[in-house]
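*Asks:* Sequence:
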Amino acid sequence: MTKTIALNLKAYAESTGENALALVEDADAAAKDFPGIQTIVAVQAPELRWICDKKFRYAKIFAQHANPNPQGAFTGSVTLEAIKSSGAVGTLLNHAEKKILLTDAAKTISRANALGLQTIACAKDVLEGEALAELKPTAVAVEPPELIGSGVSVSKAKPEVVQNAVKKIKHANPKAQVLVGAGVSTPEDVRKCFELGAEGVLLASAFVKAKDPEQWLREALEAIP
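In the working numbering, the protein residues as written are 1 to 225.
Be aware that a few hints might be false.
Stated by the list, open to error - Restricting the straight-line Cα-Cα distance to at most 25 Å, the calculated cross-link-like pairs of lysine-lysine (DSS-like) are: (1) K10 with K124; (2) K167 with K10; (3) K209 with K60; (4) K136 with K32; (5) K3 with K170.
Hints were generated in silico from the structure; no laboratory data involved.
Work out the full structure: start from the sequences and follow the hints.
*Replies:* Listed below in structure tokens is the structure:
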């Protein structure tokens, strides 16, 4: 299975507007030299279309959230149809900062699959990860919420979570890619996650707030075994 590094730009000032574009340009430039690794960038909804219109060749553009409802009278919704129309190829779901009901996750993943969109379903622990895996997302990302943004990587603080996530989620759905995240801050943290069995990592501020995001990402990609 293709290894993955997923970059969640969140809603930082550093990842809004022209700053978002600059970060995607950095990600695309780094990804070009690592064709065997899937590089995903999840951007804010208002940025999706104009960033996708730039036709980046190497970084895959995702939304950060999607609603389960179809198109219609659903004010404020981010529909999967709008995401696909923008040119994005997938979406994050159920991030710790944007939790949804399991029933809504089921509807959203089912509709995304029908539309040909990828999904990375985020879980706070292995138990939730197993439940989400059974819904047939493209990937499940386990992120202990207490470590998100902490600078302390899950691979150091809770290595057993990584190993258990791979075992249990693969049992629930052998086709789901298993990502881990929370506190992943250095290329060494990235390497350790993969060595513990993860097939990908999900991270945010380490890339967004790096002094040189492209160089940071290159080093992280190089660290993937």
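*Asks:* Looking at the structure, which of the earlier hints fail to hold?
*Replies:* 2, 4
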